[in-house]
Every structure is written in C-alpha cells, then in structure tokens.
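*Asks:* Numbering (the UniProt record's numbering), first residue to last: 1 to 523.
Worth flagging that the hints you see were computed from the coordinates, not collected in a lab.
Treat the hints with care, as some may be off.
What the hints assert, rightly or not - Calculated pairs, DSSO-like style, for lysine-lysine (alpha carbon to alpha carbon, straight line, at most 30 Å):
#, residue 1, residue 2
1, K102, K22
2, K53, K420
3, K420, K377
4, K372, K93
5, K371, K322
6, K22, K371
7, K22, K53
Stated by the list, open to error - With beta-carbon atoms standing in for the labels, derived distance ranges:
#, residue 1, residue 2, range
8, L175, E476, 49 to 59 Å
9, L266, I452, 39 to 49 Å
10, S459, F364, 41 to 51 Å
11, L464, N16, 41 to 51 Å
12, E476, M147, 13 to 23 Å
Every residue gets a Cβ at the ideal spot worked out from N, C-alpha and C, and that includes glycine.
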Amino acid sequence: MAYLYLPRNHQPDDSNPQWMNKADNAWQLTSATLVGLQSVPGLVILYGSIVKKKWALNSALMALYAFAAVLVCWVGWGYQLAFGDTLVPFLGKTNIDALEQKFLMSQAFVGKFPNASMVYFQFVFAAITLILIAGALLGRMNFIAWMLFVPLWLTFSYTVGAFSIWCPQGWLFRLGVIDYSGGFVIHLSSGVAGFTAAYWVCISVLLYLLLLCRKVNFEPENNLYIMPICHLKMRALKNAKFAPGIQKVGPRAPRDRERFPPNNILLMLAGAGILWMGWTGFNGGDPYVASLDASLAILNTHVCAAMSLLTWLMLDILFYEKPSVIGATQGMITGLVCITPAAGVVQGWAAVLMGLMSGSIPWFSMMFLHKKMWFLKQVDDTMAVFHTHAVAGTLGAILAGVLANPRLSRIFYMVDDWPKYIGLAYGIQSGKYNAGLRQLGVQLIGIGFVFIWNVVSTSVICLLIRIVVPLRMTEEEVSEGDNAVHGEEAYALWGDGEKFDNSKLQLVHEIEEPQLSKSGYGL
C-alpha cells in the first residue's frame, strides 16, 4: 500500500524489486553492450583490416573466438574468482550457484541492479582484455594454442587483477588505488601480457637459432636470414630435427616484419570509430549509476582521445612530413587508454593535459625508443600493444595519482576519507603533501603488482601450453596465411582486380585441392 501513489510501472513487483533502479539497470546494460560492440564487431573489423591481407581472417577469428570463450568461462567461474567471496587477498572463490536464478536475480555487490547485469557488464571488460593481448601475437600463433591460452589467462591472470583492484575485498582496493575503469586491470595487464608472450617467443627463437648455428653451416646470403645474429638458410630451419620444444610462438615471417601493409585502411577506420564511440560505455558505465560522475567521465574520455589524436598527428607531420591515418588511430587509442584510470576523477583541463601527454609519450616510445633500444627491437609486437596499452596505461595510472580531484573521488568512491583518494597536485595545493604522496605511491605499487603478476602468469601459461601443442604455426602456415590455417581467404579479388578463388571450403562445404600460386598470392 505504501507505493500506491506511484505510477503502476514504478511500483515494486516480482520483476521490479524495491532495491532496483530501472534507469541505472538500463544504463548498465546499455554501457555493457557498447563495450561489447568495441570487441564485436569493433576489434574484429580493426584487426581483420589493419593486418596484411593474408592474415585478415585469422586475426579477426582470434578476436571473435576470445569473445565467445571468455563469456562461457566468465559465467562458469571467472566472475566468482574476480568478484566473489574472498579466498585469498587477491582472488575470490568459486560458487556452484553462479548460474542459479537466486544469485543472478539478486542485487549486485554495488549498484541498484541485479547480478545478471553486473556479470554481463564485467564480462565485456574481460573479453576485450584477451582480444587486446591477441594484437601482440597476430600473424604466427597456432590457433589451437590460442584456444587454450584464452581460458587459462582469464582464470589465472585477469581474475587476480580484477579482484585485487576492483573488488571491495581486494588488497589494492582497500589500499586505495585509483583505477576508474581499467587502466590497470585491462590496459596495463594486456600490454604487459602481450609483450611478455612476444618476449618469450623471441627468446625461444634466439635459443633455437643458437643451437642451429652449432649444427649447420650457414652462408651470409642477404636475402635468406631469420634473425640478425646469423644468416641461415631458410631450409635449415625447416629441416632441423634437434632442439624440440624450445621454439615457441616466434616472430612473424621476415618478409611480414619488413612489410606488413593494412589490407583495408578505410575498414580499419570503421573499426576504430566503433572502438572510440564504444568507450562511452567503457568509462561511462563504471560509476554503476546514471550519475553526474558518469557524464563527466564520458566527456573527459572523448576530450582526451581527441587531444591525443591531434597531438600524435602533429608529431607525425613535424617529424615525418606526412599525416598518417594509422598514426591518428594509434593516437586515438592511447588517449582512450590514458584517460581510463582517471576518467571520472579529474577535471576537464586535466583531460586535455592527459591527451597531450598520451599523444606524445607513447608516440616517442613507439617511434624512437622502440627503434633505438636493442631489447625492444627483438620483440615482435604486431599491433604495438606494449606502447598503446602498457605505456599509455601506466601513464594514465600515474597521472590519476597526480591529478585526481578529491571531491570527484568522493563522488565516485562514496567515501568520506578524502585523503585516501587525493592526487598529488591537490595534496600540494591544500597542504596535504603526505596524502598526495601516499596516493602516488599506491598507484606505483599497483603498477608494479600488475606488471610482475602478468609477466609471471603469462610466462607460466605459455610454458604449459607448449607441452600440449606447439605455440607457433608451421612454416607453411606462416608463409601462406589464412588459406593454410583456415582453408578460407578474406577476399575473392586479388592482385590487380583479378578474381581468385583458392578456398578449400566452398559454400557447399566440398573439399577441393587448391591450386597454390607460386607468387605468394601477390603479397
């Protein structure tokens, strides 16, 4: 009787319990869907078009598979490990009732909406993290190995970071780390994990080649080499029978590393546009309420992305005299990544400053440091995930500790303990130096934890997978691409407008023996 004065559609009932806010639930579902669209079709399109033509299908399918596999694992056990009851200070424990109606239709641990909405919302963040890692391994990873990597990394790496930083029982959450929407959990972890996998890949190949150099005679033929340490005939690598198990994923084929043009830049821009607009839900949904803070986070997100894109573009023009479309896309991504850990806790002027820095510092690390530092040059990071996500994510995490406004932090975290979430700049302004320094220190601790955990967990996972299945494609698959791996190709047209049908799998699912071209399909 107490709610009879309300319109009928606002009165509590079995489908609209008293604790649920319809507007918040609708916004949470909308935000989650926007983030999901960033992956499917956003990154599926971006990956499939930014790579060389022969890798279009493989790259797109790696993203699509990860999205589907993460969903099944997430509802089964991933969500409970990341947001369930505490098992240890950095991990939750599974619950057999995770898919039961009673759990899914009860109120989430935060917000005025059901657990079903929260599980869906957190799933799309987990999915995009794995897809970002795939960007570092495109063009040579065995697809079966990738199928094993996704559930293992989700279970033993992602859930640890999510619980530690986002779950109210997590040790970094209790310490007071500021990660508004995934600068640590998603971008720093994916950048480090992708780079780590690529690092192990290159180290294994170096070891393999060192052993080869001791077994075979090599000739200094300039057009036949694997790595700079020695010139080896390609057939020596293909025919070697010793050192089994040392080789892992490995770098791309030499000609792919030297020349890797996008197969469709316009389509790449379509994927990038979906990614940008989808960030409205990425950062706008994390207050878990349709609030003032959500509006500020969305505006800051787009301002920072635009400023970063313009900065990157200007640097390309100044140093290379050409405005690069791919460079503009990279600048957009670094801006979105950088603002993510601070989107709703910084003011508008701070978003502009973060855009300037995210368009210049990752640009410098990618365009100069990567070419100058020996260690970075040895790692074949296909999509430069280390620079666009690890470097930009680290930058955003540090700037959150410097520029976080205590009033905005209080609105987001809903706490009265202002000194716990005060940026160093505001600590200096208000005379609370210790509080500001403490927050910056907490941010650095969080960065260190995510970095170390992802290096260790990713390394162990790669080592375990290679026991079961090779991490790297065969040399034939690396050389030929999609047709050898999937029996399909992305385009019916090839070369100079000539029609080319070399798919093993026809529309009627008949298997045909392909007539392989000796020219490498025009690549």
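*Asks:* Give a verdict on every hint.
*Replies:* These are the hints, each one checked on the structure:
1. K102 - K22: At roughly 19 Å apart (the allowed maximum being 30 Å), K22 and K102 satisfy the hint.
2. K53 - K420: Since the Cα atoms of K53 and K420 sit roughly 50 Å apart, the hinted pair is violated (cutoff 30 Å).
3. K420 - K377: violated, 40 Å
4. K372 - K93: Status violated; Cα separation ~45 Å.
5. K371 - K322: holds, 19 Å
6. K22 - K371: violated, 52 Å
7. K22 - K53: Violated: K22 and K53 sit about 46 Å apart, past 30 Å.
8. L175 - E476: 49 to 59 Å: At roughly 51 Å between Cβ atoms, E476 and L175 fall inside 49 to 59 Å, so the hint holds.
9. L266 - I452: 39 to 49 Å: For L266 and I452 the Cβ distance comes to about 41 Å; the hint holds.
10. S459 - F364: 41 to 51 Å: Taking Cβ atoms as reference, S459 and F364 lie about 28 Å apart, which means the hint is violated.
11. L464 - N16: 41 to 51 Å: holds, 47 Å
12. E476 - M147: 13 to 23 Å: holds, 20 Å
Consistency note: the structure conflicts with the earlier hints numbered 2, 3, 4, 6, 7 and 10.
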